[in-house]
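Chemist: Order-wise, the sequence lines are chains A and B.
Take the first sequence: its letters are residues 1 to 431, numbered as in UniProt numbering.
Take the second sequence: its letters are residues 1 to 94, numbered as in UniProt numbering.
Don't take each hint at face value.
[As the list claims (entries may be wrong)] Mimicking DSSO-like on lysine-lysine, the simulated pairs with C-alpha atoms at most 30 angstroms apart in a straight line are: (1) A:247 <-> B:79; (2) A:115 <-> A:334; (3) A:219 <-> B:84; (4) A:175 <-> A:196; (5) A:378 <-> A:52; (6) A:196 <-> B:84; (7) A:292 <-> A:251; (8) A:247 <-> B:34; (9) B:84 <-> A:116; (10) A:139 <-> A:96; (11) B:4 <-> A:251; (12) B:50 <-> A:219; (13) A:358 <-> A:251; (14) A:25 <-> A:96.
These aren't lab readings, by the way, just hints derived from the structure by calculation.
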Amino acid sequence: MSEKFDVIVVGAGPAGTSCAYTCAKNGLKVLQIERGEYPGSKNVMGGVLYRKQMEEIIPEFWKEAPLERPVIEQRFWMMDKESAVSFGYKGLEWGKEPYNNFTVLRAPFDQWFAKKGVEQGVLLINETVVLECLTENGKVVGVRTDRPDGDIYADVVVLADGVNSLLAKQLGYHKEFRPDEVALTVMEVINLPKDKINDRFNLEDNQGCTIEIFGDSTKGNLGTAFIYTNKDSINIGVGTTLSSMIKAKLKPYDLLDYLKTHPMVRPLIEGGESAEYLAHLIPEGGYHSVPKVAGNGVLLAGDAAQLVNAIHREGSNMAMASGTMAAETIIAAKERGDFSETSLNQYREKLYQSFIIKDLEKYKDAAHTFEHYPQYFKEYVPMLNRAANKFFTVDGTPKKEKQKEIMKSFTSERGTIRVLQDMYRAWKAVK
Amino acid sequence: MSTKTIEEKQYLVRFKADTKSHLTVLDHDICMTKCPDKICTIFCPAEVYKWEGLRMQVGYEGCHECGSCRIGCPYQNIKWEYPKGGHGIVFRLA
């Protein structure tokens, strides 16, 4: 293949396809390269897709995209061994247009999205690995693939090759990630009849529920578990930072089975039939881990640029927004006929002025804080459960006395000063 | 039934294995002499790595291509590449 393209996009996940779609729609000649058998075959996500960023690419996508359920309720559990303190929000307006977010299964969704790109004129090649970026005089000019005569050239290459992003590392844009910068997450898709899901989660057809679970779901390690309802299956998964997994010598699949058999969780999935098991890394280093995102003839988008807000479980939306910003930058660069780093740095500016980097910056110390001070997940969640138990158990003790006892139990376990320090530190990390 | 073991879990997944491994343990002596925990055998979500007394057996055919072993090996002793295009794990659902 000796012809030259305007743009080569590496990867057919949400970032790559958003970029390829927008470039092709604006008349650019786009080649998109996917290493899997089809788009989505290597991609994993817990399952929440946000409406806003997707809608900006394809208006009213919910009318045709393969979605599972619009999420109308988000629950949060602080779980102990045999109890959970929970809070959440349920709003029926989320079940109507324009919706807030949806549960999705990524293999069908990514195939659909990539097909929309192809309809705009993207040339999509599957089953092809990009081995390296080709450079000339310090500028990226194309890619070398694992196909025979596999060198292909373009004005600009977009690396949307996911969390491992070997290509950006080769270019020296980031070092190898540390185990505390990535979360290892495993999940299962469990088939369950629709009416069972509706009954157990208090839903109607076409209403979805998400549950995020902290505390004993990770045996107190830094991470979360989740349960998301699909049409007639449930995604259930758990992840912790790789460093926590290593430190605690956890087998991820044992942790998943611990979750599935937990007395708070088991009744929700009882009788279900496992359909798939998946493992994936999530880039959770946040603000400090974002690599160089624009270079001479090259841009990074999505997970490859570490654009994940772990606290709010946002990732695919940031992938889409960054892919779109990369496309807008490329379209402007094409008009200028300038694909130098200075020209492409417009992408960096867009990214840093958007919600993406602003949100990552807000939580820039959160992961580090919670990794460094394990008491939040290990001690406070059980303490909170004991407090709730005490407060809500009717035993003839006056409520005021109960309150006093609860406060005392908090401070006597950890000491007043330490509790105040812990609260201040947590507030500072997420303020 | 919902799965109970890693073997049952792996059985649910479709793999299109290449004939050549995309994972290479660079120096088995390092695993033997420097790494008492053989931590990759614990955290690998697909139980790809199994210590066989003298060397590390690498069952690359069941790899999810997550990248944990490359990042988590305390001695950077694992060479990690993508399987040949179209090969390796094929997720059908999520």
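Chemist: Which of the listed hints are not met by the structure?
Modeler: Result: hints 3, 4, 5, 6, 7, 10 and 13 break, sorted rising.
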